[in-house]
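Asks: Required output: the full structure, derived from the provided sequences and hints.
There are 2 protein chains.
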Amino acid sequence: MSVSPPRRRRQKQGEIFMSEITNRFCDSTGYAELSLKQYGRFTGDADETLLPFLTENTIVVYVTGEGGSVKLGASVHTIEPGMVVVLFPGQCVNCSALAGGKSGGMWMELSGDAVPAVLQRAGLTPQKPTLMPTVPAEQSEAAALFASLTDPAQEYGPLCATGKAMQILDCLLRETPRPVQPKVANLQRYYVDKSIRFIETKYPQDISVEDVAEYCGLNRSYLGKLFRDATGMTTQEYLIRHRMKIACSYLERAAAPIAAIARSVGYPNQLHFSRAFHKVFGIPPREWQKRNRKV
Amino acid sequence: MSVSPPRRRRQKQGEIFMSEITNRFCDSTGYAELSLKQYGRFTGDADETLLPFLTENTIVVYVTGEGGSVKLGASVHTIEPGMVVVLFPGQCVNCSALAGGKSGGMWMELSGDAVPAVLQRAGLTPQKPTLMPTVPAEQSEAAALFASLTDPAQEYGPLCATGKAMQILDCLLRETPRPVQPKVANLQRYYVDKSIRFIETKYPQDISVEDVAEYCGLNRSYLGKLFRDATGMTTQEYLIRHRMKIACSYLERAAAPIAAIARSVGYPNQLHFSRAFHKVFGIPPREWQKRNRKV
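Chains A and B supply the protein sequences, listed in that same order. The first sequence lines up with residues 1 to 295 when you count with this note's numbering. The second sequence lines up with residues 1001 to 1295 when you count with this note's numbering.
These are computed hints drawn from the structure, not numbers from a lab. For glycine and all other residues, C-beta sits at the position ideal for the given N, C-alpha and C. Heads up, some of the hints might be wrong.
[What the hints assert, rightly or not] Derived coverage of chain A by chain B (criterion: at least 3 residues anywhere in the stretch with Cβ under 8 angstroms from a Cβ of chain B; other residues may be distant):
#1 159-173
#2 258-266
[To be verified] Below, computed lysine-lysine pairings styled on DSS-like, alpha-carbon distance capped at 27 angstroms:
#3 B:Lys1071 <-> A:Lys294
#4 B:Lys1071 <-> B:Lys1102
#5 B:Lys1202 <-> A:Lys71
#6 B:Lys1071 <-> A:Lys290
#7 B:Lys1279 <-> B:Lys1225
#8 B:Lys1071 <-> B:Lys1128
#9 B:Lys1290 <-> A:Lys71
#10 A:Lys279 <-> A:Lys294
#11 B:Lys1294 <-> B:Lys1245
#12 B:Lys1290 <-> B:Lys1245
#13 B:Lys1279 <-> B:Lys1202
#14 A:Lys71 <-> B:Lys1294
#15 B:Lys1202 <-> B:Lys1245
#16 B:Lys1128 <-> B:Lys1102
#17 A:Lys194 <-> A:Lys225
#18 B:Lys1128 <-> A:Lys294
#19 B:Lys1225 <-> B:Lys1194
#20 A:Lys71 <-> A:Lys102
#21 A:Lys279 <-> A:Lys225
#22 A:Lys128 <-> B:Lys1294
#23 A:Lys71 <-> B:Lys1245
#24 A:Lys245 <-> A:Lys202
#25 A:Lys245 <-> A:Lys294
#26 B:Lys1202 <-> B:Lys1225
#27 A:Lys202 <-> A:Lys279
#28 A:Lys202 <-> A:Lys225
#29 B:Lys1225 <-> B:Lys1245
#30 B:Lys1071 <-> A:Lys202
#31 A:Lys245 <-> A:Lys290
#32 B:Lys1071 <-> A:Lys245
Replies: Shown next, in the form of structure tokens:
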């Protein structure tokens, strides 16, 4: 699910990028389904008991006060400083500070389909809505980022605030006592989707079927079988088809030389590109362009 | 488009939160339509000329080398250290280092509908794809974040990497010489959407029509007219309708006390809630619950 190892290498002759390049692939996490609604801090007086309430969205709380207890639905949980507590949607929440204690926390309200999945990976579910991170508060990156996000002296735009919220969740995943592997309902679909995302991002570079298999952490022939069963074509065919699709979109719009288009879809050699193009479409690229040019 | 001023105040009796709270509203930026694909660094040798290429997505480059020139489509741009250069999709790109200079940069590849809109706000368009930030490289937050994102010694998960990319864009907006106001095709729709997002996030709190108007920076009666023309109801009616919609979703699922539900949709006083509920649905909340309960 994470980033591919950085590549630092001398590019081969004819490749489109500079002589020395590091390059990291960013896989999808469904972050598009994650949205920050509100955030802030709170403190509560000693012995204060809050009236019960419900929340429509998910609220992630980092406890900074002296602690207390919280009743979420039917279960009571003891709250300690440094703990992470999640209020899940539709649960009735009852909070009270411990006798003599002062409660407090930093919170963010999140919505979106990705939220339960991300929290579940950190081990946080409606059945287990609290956790004590393995990293103490003063060394915790999550706590530092939360403090920065909720700093009343700071003013953040939505892009920045949402970016910080994503980083807080990422830190929580790393500072969690028992990181939970993502549950994959359909392992075949998971690897095929992962391969497709890789191919559809890396096609401009000189990638091979081995690179796709290596990225997925699978044997080449095993991935090949999974891929063929799911899509009806080989990984290599999918890669070529995607390269030709993008080449067509460039041919339709751009006045660029064929050599530049070839290079931009992973063919340093224009002749190899034209041959592959002809094999797929039955005509040379320039001929295809004449018939399909949009501008 | 940005965050509302923080509220730090003593909560009123009966409100659901703690005695002291800071609370920031995070408006939508269409960030859901923004996705980080790849990122990294590059260096080029002196006098090296790159072969032309095209890119499918948008590539944002922060120039760290000694500069050079880039031809984007038909226009040639001089590149200097500290500059931001954007390669827009489908444009033919020709780069060359200046004689004797060493080129280099940090880059990220972005896709999604929000990307052109965000870049346009920083003044970056296909017609004007370069800018020199007002903040020098050594003081630039964008540069520091870019260096952190593309640090080859670091390994980031997709949530963290995407979060950093959003923060880089946010910094660019602030470090840009001529911040461009977002172009709003339909100003009425813009304010109505802004009001709705505010109401649909803040309804659990004791907000009034004045708060909505203040958040939008408009006169109350002017916003009222815009809102009524667009939705056929007053801002107040919309707020009540939204509160009742959420109350119903709680009544359907939860075994929570009516007082807790009332409080969670912005009615500290249960009686006021029941009266408003009856006015909308013609029956009391408990009666509605009996007929519609799902669990």
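Asks: Evaluate each hint against the coordinates.
Replies: Hints versus structure:
no. : hint                    : verdict
1   : 159-173                 : holds (count 13)
2   : 258-266                 : holds (count 5)
3   : B:Lys1071 <-> A:Lys294  : 23 angstroms, holds
4   : B:Lys1071 <-> B:Lys1102 : 17 angstroms, holds
5   : B:Lys1202 <-> A:Lys71   : 24 angstroms, holds
6   : B:Lys1071 <-> A:Lys290  : 25 angstroms, holds
7   : B:Lys1279 <-> B:Lys1225 : 24 angstroms, holds
8   : B:Lys1071 <-> B:Lys1128 : 12 angstroms, holds
9   : B:Lys1290 <-> A:Lys71   : 25 angstroms, holds
10  : A:Lys279 <-> A:Lys294   : 23 angstroms, holds
11  : B:Lys1294 <-> B:Lys1245 : 15 angstroms, holds
12  : B:Lys1290 <-> B:Lys1245 : 16 angstroms, holds
13  : B:Lys1279 <-> B:Lys1202 : 22 angstroms, holds
14  : A:Lys71 <-> B:Lys1294   : 23 angstroms, holds
15  : B:Lys1202 <-> B:Lys1245 : 14 angstroms, holds
16  : B:Lys1128 <-> B:Lys1102 : 24 angstroms, holds
17  : A:Lys194 <-> A:Lys225   : 15 angstroms, holds
18  : B:Lys1128 <-> A:Lys294  : 24 angstroms, holds
19  : B:Lys1225 <-> B:Lys1194 : 15 angstroms, holds
20  : A:Lys71 <-> A:Lys102    : 17 angstroms, holds
21  : A:Lys279 <-> A:Lys225   : 24 angstroms, holds
22  : A:Lys128 <-> B:Lys1294  : 24 angstroms, holds
23  : A:Lys71 <-> B:Lys1245   : 25 angstroms, holds
24  : A:Lys245 <-> A:Lys202   : 14 angstroms, holds
25  : A:Lys245 <-> A:Lys294   : 15 angstroms, holds
26  : B:Lys1202 <-> B:Lys1225 : 21 angstroms, holds
27  : A:Lys202 <-> A:Lys279   : 22 angstroms, holds
28  : A:Lys202 <-> A:Lys225   : 21 angstroms, holds
29  : B:Lys1225 <-> B:Lys1245 : 24 angstroms, holds
30  : B:Lys1071 <-> A:Lys202  : 24 angstroms, holds
31  : A:Lys245 <-> A:Lys290   : 16 angstroms, holds
32  : B:Lys1071 <-> A:Lys245  : 25 angstroms, holds
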